[in-house]
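A.B. asks: Each chain, letter by letter, is given below.
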Amino acid sequence: MNLVTNNKWIGQRTIRPDGMDKVTGRAQFAADTTMPGMIWGKVLRSPHPHARIKSIDTSKAEKLAGVKAVVTARDIVDFPIDKGAVMLGIQDMRWMCRNVMARDKALFPGHPIAAVAATTEAIATEACSLIEVDYEVLPWSIEIDDAIRPDAPILHEFNKFEGKPSNIAGRIEHKKGDLAEGFEKADVVIERTFTTRPVHQGYIEPHACLISVAPDGKTTIWSSSQGQFMVRAMTAHLTGIPQSDIRAIPAEIGGGFGGKTIVYLEPLATLLAKKSGRPVKMVMTREEVMRATGPTSGSKSTVKIGATKDGKIVAAHGTFYLQAGAFPGSPIRGAAGCSFTPYDIPNLLSEGFDVCSNRSKVAAYRAPGAPIGAYAVECVLDEVAEALKMDPLDFRLKNAAKEGTKAAHGPIFPRIGYIETLEAAKNSDHYKAPLGKLQGRGVASGFWFNAGGESSAQVNITEDGNVVVTTGHPDIGGSRAGIANICAELLGIDYRRVSVIIGDTQTIGFSNLTGGSRVLFASSMVVTQSTDKIIQTLRERAAKIWEIDPEAVKWENGAAHPVSPNAGQFEPLTLEELAEKAPAMGGPIGAGVQLNTTGADGGFGTHVCDVEVDVDLGIARVIRYTAVQDVGRAIHPGYVEGQLQGGVAQGIGWALNEEYIYTREGKVDNPGFLDYRMPVCSDLPMLDCIMVEVPNPKHPQGVKGVGEVPLVPVMAAVANAIYNALGKRFYALPMSPPKVLEVLEAPTREAAE
Amino acid sequence: MAKVHVTTTINGEPMEFLCEPGDTMLDALRGTLNLTGSKEGCASGDCGACSITLDDRLICSCLMLAVESQDHEIRTIEGMANGEKLHPLQQKFLEMAALQCGICTSGMLVASDALLKKNPDPSEEEVRFWLAGNLCRCTGYDKIVRAVMETAQELQNQEMRAQ
Ligand code: FES
Ligand code: FES
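Line by line, the protein sequences are chains Z and R. Mapping to our numbering: the first sequence position 123 is 123, numbers consecutive. Mapping to our numbering: the second sequence position 78 is 831, numbers consecutive.
By construction, these hints were calculated from the structure, which means they are not laboratory data. The model shown is predicted, which means the values in this text are computed figures rather than measured ones. Any given hint could be a false lead.
[To be verified] Facing chain Z, from chain R, some residues (calculated, C-beta under 10 Å):
(1) 793
(2) 802
(3) 842
(4) 858
(5) 859
[To be verified] Some chain R residues well away from chain Z (every beta-carbon gap over 10 Å; in silico):
(6) 756
(7) 786
(8) 806
(9) 809
(10) 810
(11) 848
(12) 916
Note that beta-carbon positions come from the ideal geometry of N, C-alpha and C, so glycine has one too.
With the hints as extra help, turn the sequences into a complete structure.
C.D. replies: Okay, structure coming up:
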């Protein structure tokens, strides 16, 4: 391990390599791309939450002038349900092939039924309306309680739970010790039930792609996603085109937060392009994004925690029911596996239930599942601390996981920085500041697994002695800046001499998704190893020129130097000079590394939130917020803070306003930014960050994933703050003005002031 | 489907284009004129990613018809930098990491520029309310607000030195 300590670039707020393109409007996002001969694709979607598709007649649409191709489920590769799972990453292709286009049954309003390509968008839309579908409308359920009733309409007949057809698609558990024995020892036991609503990732850029298929089958995909390799693999699976024939080119991505880790349009556009022989562009409307792409789960959780008088948690039981939407696969692992993990609890049972219902299939959203679990656990912890008359941070400190603690999901923690986040929160000015009338303060903590996984990098030295780094992960929030900092640091050159490129699937080795807080962790590992190889080459080249041993050459400040005067007296050879001499001295200088990276460990954060409640209007406003997180090592502090602030803002939206509202017909009633109310600039205060740096010993620069933890504690921190302000506790999200008023006006309420 | 002929000025340059009567200004900019810096996040006036100015007035180009630009002056993100020289707001956004994915950035910059033209010394609250029509899902707005305020400060100082 070579932790660089005297940094020139690591830890600096450098200007990101792609920044200029993004502030001038030049950056190419997926919907910005066009091609000669391009036509437009549009999707016909089900109006029903649950219906058998008896027949589809596309003949009228096909005859409309300007229509070039129509596809339905028949054109998509089928992965039969009874043949077992075909996993691609965390996605089961049996669900994917039915999610991109309904097969037999429409399972949610917005479920694609057919797709059309035509010379204009307007003609494509008109053609969709000419497609005749004969539906047998079926009873449906949206909410968890309805979906798990014994007489609930079953979405997938083959799915059995406890021997009977069921909408419960799975259960997981994490277990430690003996629950009954643990609760026996407790002096205080508190058990509460919480519900949360589905919320959307809310990326500002709708899904979009442009795809061309040549007559020989060679396919080019420009699209916005969190992984061009995922796009290639899923499109190949669903269209039958071999992966080697598909070139997936990552466009700039306008936000994803987990929601762009699966495909919706690409397989459809590919089939339309193949059939029509023309490049096909597809762009979702905002309404389509809201109706038919993944939100995260709504949930129902029951959490019971027992502690002794002296503040030790002795037992805990959590039951987390999460909505999967139309197909199995809700993030129960995140809910059940993360929410108790900041604490060392001897007796624990944490269970997760995956529940299908007639709403769009959920997709990952920042620490999938963990914020839902943390909301319930951290609120109950607050109540336990209050019952014990303990400061909520002291209570957490007393029970905090640390090096050597065995987490319920398996690992024994190495050196982690959770306690440091609690202490930093406690010592912050924020935590000590006085509060005004109708103001309250809440704290909460959160954990996320973090991930490593496959990553590839190629580093090449240009003939003029500069550097081109290619990696395989889309840059969603500034990872290119981190990579440039690290590469420049290792080579000892100005970071502006490093250009960072996101390679397409045919030019760089396999790299897994941008997700799981893994990108800078994984990509900097392969970039570091590639750069180390290059430095080795550069030393060898200098040694050859000087006719000394390579071991007698060191690389420093962008040049080769003799290690000591007795190695010989030579003028340093700079990167530029060695690049210039390369043709005569062994050829091009470059190195590539592919790795399955490990050692990501977990990430922890602790948040402090102040709210002020307008009791007449029911509006809770966050007036001060501090996010503390162990970030391992902040390679680019500006973008690390940005991750923290962005996650907090999303959590505040989730806590206070965001939710899917349904009509009586089972349709999303607020599919736009006007009614699906995400936080705007005037809703929020400045968001303070305290970055605790406990370097990850398993990473060359000490990097830990940072992108997901910031969302985990937020809803609980806000809920705890509202309780502190009003003496009223909310057991359901969002705590929107009508709901706050309802609680305030409940007859049992003592005056809030 | 007779197309309409429109004569207008975009980023200081005279322009002519054909459009459908129902096309929005955003359609015309992104489609016919190939100025894709303005983004479509919602097409309903709720996200601000398509912000442009029409005769110095900040508007959502998704809510304006392309034909309405006839004889008016349009400014988009593409006209913000002066050749190689970035506008001070663009420079500050870069230096202060006031963007992550960058999809909202064009709209944010155009809106912030319109604010500083109207009010060269805005309070934090004024910045926040002015930018309330521009959604950003990545940054939590903190760095954006700071970048706008700092640019305003710098421009003010320069002005004072010039006097
Ligand atoms: S696209 Fe115009 S405001 Fe959203
Ligand atoms: S930077 Fe991504 S939406 Fe603003």
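A.B. asks: Honestly, which of those hints from before does the structure not fit?
C.D. replies: Violated: hint 11 alone.
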